[in-house]
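Chains U and S supply the protein sequences, listed in that same order.
Throughout, the working numbering is defined as the position within the first sequence, counted from one, plus 505.
Throughout, the working numbering is defined as the position within the second sequence, counted from one, plus 505.
Some clues are possibly wrong.
Because identical chains cannot be distinguished in the list, a pair is counted as satisfied if it fits within a single copy or across any two copies.
As the list claims (entries may be wrong) - SDA-like cross-link-like pairs, simulated, lysine to any residue; straight-line CA separation at most 20 Å:
1) LYS926 with SER881
2) LYS778 with PRO558
3) LYS785 with GLU624
4) LYS537 with PRO585
5) LYS732 with SER599
6) LYS569 with PHE559
7) LYS569 with LYS804
8) LYS874 with PRO886
9) LYS732 with TYR942
10) LYS912 with LEU517
11) LYS827 with ASN840
12) LYS569 with TRP554
13) LYS779 with MET506
14) LYS874 with GLU566
15) LYS873 with PRO883
16) LYS855 with ASN729
17) LYS509 with ASP605
Worth flagging that the hints you see were computed from the coordinates, not collected in a lab.
Computed from a prediction, not measured in an experiment: that's the story for all the values here.
Chain residues, written in single-letter form:
Number of protein chains: 2
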Amino acid sequence: MRQKVSDERPSLMRYEIREIVDVVQKIQELDKDFKVDNENIGDPVAKGWPVPPFLKDLLIEAIKQEGDKVFGYSHSRGWPPARKWVVKYAKKFSPSSNLDYEYVLFTSGLGAAISAIYEMLSHGLRIIQPTPSYPTHASMESFNANEESVSYELDPDNKWEPNLADLEEKIKNNPKIVGILVINPNNPTGAVHSKETLEKIVQLAEKYNLFIVSDEVYFRMVYNGYKFTHITELAHNRVPLMVMRGVSKDVPWPGGRCGWIEFHNIHLDEDFKKYCDAVKKRILLEVCSTSLPQMVLEKLYDHPDFEKWIAQYNKHLEDNSKNISRILGQSPYLNVNPTNGAFYMMPLFKDNVLNDRQTLPIKNPEAKKFIENLVSKPGLPLDKRFVYYLLASTGICVVPATSFFSKHYGFRLTTLERDPKKRDEIYSRVEKAIDEYIASTNV
Amino acid sequence: MRQKVSDERPSLMRYEIREIVDVVQKIQELDKDFKVDNENIGDPVAKGWPVPPFLKDLLIEAIKQEGDKVFGYSHSRGWPPARKWVVKYAKKFSPSSNLDYEYVLFTSGLGAAISAIYEMLSHGLRIIQPTPSYPTHASMESFNANEESVSYELDPDNKWEPNLADLEEKIKNNPKIVGILVINPNNPTGAVHSKETLEKIVQLAEKYNLFIVSDEVYFRMVYNGYKFTHITELAHNRVPLMVMRGVSKDVPWPGGRCGWIEFHNIHLDEDFKKYCDAVKKRILLEVCSTSLPQMVLEKLYDHPDFEKWIAQYNKHLEDNSKNISRILGQSPYLNVNPTNGAFYMMPLFKDNVLNDRQTLPIKNPEAKKFIENLVSKPGLPLDKRFVYYLLASTGICVVPATSFFSKHYGFRLTTLERDPKKRDEIYSRVEKAIDEYIASTNV
Numbered sequence: 506m507r508q509k510v511s512d513e514r515p516s517l518m519r520y521e522i523r524e525i526v527d528v529v530q531k532i533q534e535l536d537k538d539f540k541v542d543n544e545n546i547g548d549p550v551a552k553g554w555p556v557p558p559f560l561k562d563l564l565i566e567a568i569k570q571e572g573d574k575v576f577g578y579s580h581s582r583g584w585p586p587a588r589k590w591v592v593k594y595a596k597k598f599s600p601s602s603n604l605d606y607e608y609v610l611f612t613s614g615l616g617a618a619i620s621a622i623y624e625m626l627s628h629g630l631r632i633i634q635p636t637p638s639y640p641t642h643a644s645m646e647s648f649n650a651n652e653e654s655v656s657y658e659l660d661p662d663n664k665w666e667p668n669l670a671d672l673e674e675k676i677k678n679n680p681k682i683v684g685i686l687v688i689n690p691n692n693p694t695g696a697v698h699s700k701e702t703l704e705k706i707v708q709l710a711e712k713y714n715l716f717i718v719s720d721e722v723y724f725r726m727v728y729n730g731y732k733f734t735h736i737t738e739l740a741h742n743r744v745p746l747m748v749m750r751g752v753s754k755d756v757p758w759p760g761g762r763c764g765w766i767e768f769h770n771i772h773l774d775e776d777f778k779k780y781c782d783a784v785k786k787r788i789l790l791e792v793c794s795t796s797l798p799q800m801v802l803e804k805l806y807d808h809p810d811f812e813k814w815i816a817q818y819n820k821h822l823e824d825n826s827k828n829i830s831r832i833l834g835q836s837p838y839l840n841v842n843p844t845n846g847a848f849y850m851m852p853l854f855k856d857n858v859l860n861d862r863q864t865l866p867i868k869n870p871e872a873k874k875f876i877e878n879l880v881s882k883p884g885l886p887l888d889k890r891f892v893y894y895l896l897a898s899t900g901i902c903v904v905p906a907t908s909f910f911s912k913h914y915g916f917r918l919t920t921l922e923r924d925p926k927k928r929d930e931i932y933s934r935v936e937k938a939i940d941e942y943i944a945s946t947n948v
Numbered sequence: 506m507r508q509k510v511s512d513e514r515p516s517l518m519r520y521e522i523r524e525i526v527d528v529v530q531k532i533q534e535l536d537k538d539f540k541v542d543n544e545n546i547g548d549p550v551a552k553g554w555p556v557p558p559f560l561k562d563l564l565i566e567a568i569k570q571e572g573d574k575v576f577g578y579s580h581s582r583g584w585p586p587a588r589k590w591v592v593k594y595a596k597k598f599s600p601s602s603n604l605d606y607e608y609v610l611f612t613s614g615l616g617a618a619i620s621a622i623y624e625m626l627s628h629g630l631r632i633i634q635p636t637p638s639y640p641t642h643a644s645m646e647s648f649n650a651n652e653e654s655v656s657y658e659l660d661p662d663n664k665w666e667p668n669l670a671d672l673e674e675k676i677k678n679n680p681k682i683v684g685i686l687v688i689n690p691n692n693p694t695g696a697v698h699s700k701e702t703l704e705k706i707v708q709l710a711e712k713y714n715l716f717i718v719s720d721e722v723y724f725r726m727v728y729n730g731y732k733f734t735h736i737t738e739l740a741h742n743r744v745p746l747m748v749m750r751g752v753s754k755d756v757p758w759p760g761g762r763c764g765w766i767e768f769h770n771i772h773l774d775e776d777f778k779k780y781c782d783a784v785k786k787r788i789l790l791e792v793c794s795t796s797l798p799q800m801v802l803e804k805l806y807d808h809p810d811f812e813k814w815i816a817q818y819n820k821h822l823e824d825n826s827k828n829i830s831r832i833l834g835q836s837p838y839l840n841v842n843p844t845n846g847a848f849y850m851m852p853l854f855k856d857n858v859l860n861d862r863q864t865l866p867i868k869n870p871e872a873k874k875f876i877e878n879l880v881s882k883p884g885l886p887l888d889k890r891f892v893y894y895l896l897a898s899t900g901i902c903v904v905p906a907t908s909f910f911s912k913h914y915g916f917r918l919t920t921l922e923r924d925p926k927k928r929d930e931i932y933s934r935v936e937k938a939i940d941e942y943i944a945s946t947n948v
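For reference, chain U alone in the conformation it holds in the complex (with noise of 0.2 Å):
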């Protein structure tokens, strides 16, 4: 090329949720009888969650329509009666909400949604993200700004609440921060944040004149007895706000690639709705977003059946997080915090027990190459070594917590397994091999 077209940001973008997908695909290579369970990616149809018989219905009766318009190019904000529904949604929670239909905006994902908000902020601003993070968010975020990431803590000896004092002193020390970042329920923590919690962040916004972005993909997911705070709710009429929702989660439905974005509080500040309205610009420019999900939506929420789905969904949730943190926490090498919400959960490592010479043995000589290959690179940390032992060795594929900005190791797993059985055996399966890595220095 007469100039160089490629450049060094792309460092700043990683989602390792994804990569490690590649080693899988390379060790199959190699190995041609390796099996996978997958506790890396939290897709409930992957993990053998059937979709419920009325989304189907509703879907195929959506295809026979006639005037085919699930085919058909959607408003490029999203079909009208859709941002309507949203605005109903919205309020059947949060009954204060004004929330114009004309500032929901619907997205091929909320992929397109997050990657829209931070490209669309104005240039070297910061959005302050909660850590451990989410991949996208954050390294969109940096991607953006073209620096590392901003972060607050959240604290895994107080069930991975923000640390308050840690985002305020954040916030007063960086002028360049003018939004927070709320996951909640967390990925990846599965965290479900306190009332006392949310008004806080409100009142630091408040008082440092931010707005907040609030990603609720799964906020229909909560269990072990715990209430979703709605901070719409809380936010009214002080803090501008972006709420990010979506279908994937709360039917399995991931590939579906519809969530949406719902501008809030936009009356409060000229600047806020410049801002919201070229991220809708930028949505506009690519047409519009999947049709086929925005037109079955209502019914699909509406369905006599999706909230007994919803609450057996949930109650299976919550026996897996119960199940897999009494299993892990038998272990004396692990910090565990069972999970209230979303279908991940954060065991941590003690301090000081991994090391780099720990293994695990690897049957297959050409995989084992290729893992103590990849472990060799300088600097790979400590967590993300274990878990490549841990892949190679049982098949057991999960995520470093380092893949997460996490500052602690440890990994991300899923809780999604539909066999109480198979998920027992499974996670008996990680805590002996945590044991027996651990042990492997000693030999």
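Given chain U, work out where chain S should sit, using these hints.
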């Protein structure tokens, strides 16, 4: 906000094909009886094209299939069998292709692909655009460069073929240009570029060490005896090339959001390869693109009825193209190029026929006031003024040529009308309205 979160960059984003929809919506609010003929959006579904029954059957079969995989995430670069099918499909038309399925990248519609390629290009470098331009390309390019787009002319006096002298001149004088965008068949002009032209573009890319982006989303829609030349064949082993294709238009399914990028000849340049990898990584961050279309792709294109469908589709487009250009060609005020591909046409006004005093009668007084206010904006292009009057007066919605960054006044229409009688009636009305509009200042 404690710092200004919005900025001026969105002014570089223009997509008036959709912005005019807001004007329509506004008029409909003011005048309940207002009926629109949408000749502005390339959506076959909206124009009454039936979705072929075999596509519906394939979708219903896929949805009913055990395992529910069409509901799940697909691989972040696309479902591997779909990527392998793309390789096969590329080779069918371009036998010399050595496309690797790891360098096929699915996106949720080509809009997402277009955003990604400009976003990942090293900052400040340029991909030169054909003009009249397709706004998503031109806007994303200029947004990411943070400057107005750079462009080469399509020549209306030479069947909208690229002006190669202009292209070379621009490349020579602007060392920041590293790539050439070719849209073939062309949106918005309906041109199909000749083999000779494309060979010369490949030679220019070789001479100046540039890459080529070939947007071929309409490559199956070619008629009037024209033949589509595969630039992949010409560029083979000579020039790094990105090809963009998708399902949206081959069957009426723009709402499915299924497009893909093929990265060809990456072995020629390490830097280009790194840039392609950055585009892949950017898409990875959004997790995956819509699963369902990927999973029916092969069965759709290999269906025994598909080629019959495309043939019938092209026959109809050819008829429309001939008849619309015949009718509008009667106007003494227009220069009309018949189209040979895609489903757009861009008649141009002859020099000096438009002025800022011409009008058409608008029945509804509120709508009249609204349009008069719109056209009173200083600097409004004269063809946009015409388009607003045409819309409010006749209900016929087209898009001004200047909305495609054209230096000539004119308008883009779609050649998708199903009913030949209605088609002739609509364009006879357009022709008459032009007479009346131009005569209005002589009254």
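Now the hints, each set against the structure:
1. LYS926 with SER881: neither (36 Å within a copy, 72 Å between copies)
2. LYS778 with PRO558: neither (41 Å within a copy, 44 Å between copies)
3. LYS785 with GLU624: Classified as both: same-chain Cα gap 12 Å, cross-chain 18 Å, threshold 20 Å.
4. LYS537 with PRO585: between (50 Å within a copy, 17 Å between copies)
5. LYS732 with SER599: So LYS732 and SER599 pass the 20 Å test inside one copy only (14 Å; across, 58 Å).
6. LYS569 with PHE559: both (15 Å within a copy, 12 Å between copies)
7. LYS569 with LYS804: Cα proximity of LYS569 and LYS804: in one copy and across copies (16 Å, 19 Å).
8. LYS874 with PRO886: within (19 Å within a copy, 66 Å between copies)
9. LYS732 with TYR942: neither (38 Å within a copy, 63 Å between copies)
10. LYS912 with LEU517: Intra 17 Å, inter 40 Å, cutoff 20 Å: intra-copy only.
11. LYS827 with ASN840: within (14 Å within a copy, 73 Å between copies)
12. LYS569 with TRP554: between (26 Å within a copy, 15 Å between copies)
13. LYS779 with MET506: between (38 Å within a copy, 12 Å between copies)
14. LYS874 with GLU566: So LYS874 and GLU566 fail the 20 Å test inside a copy (52 Å) and across (43 Å) alike.
15. LYS873 with PRO883: within (18 Å within a copy, 70 Å between copies)
16. LYS855 with ASN729: Classified as neither: same-chain Cα gap 25 Å, cross-chain 72 Å, threshold 20 Å.
17. LYS509 with ASP605: Answer is neither; intra-copy 45 Å and inter-copy 23 Å both fail.
Hints 1, 2, 9, 14, 16, 17 from the earlier list are contradicted by this structure; the remaining hints agree with it.
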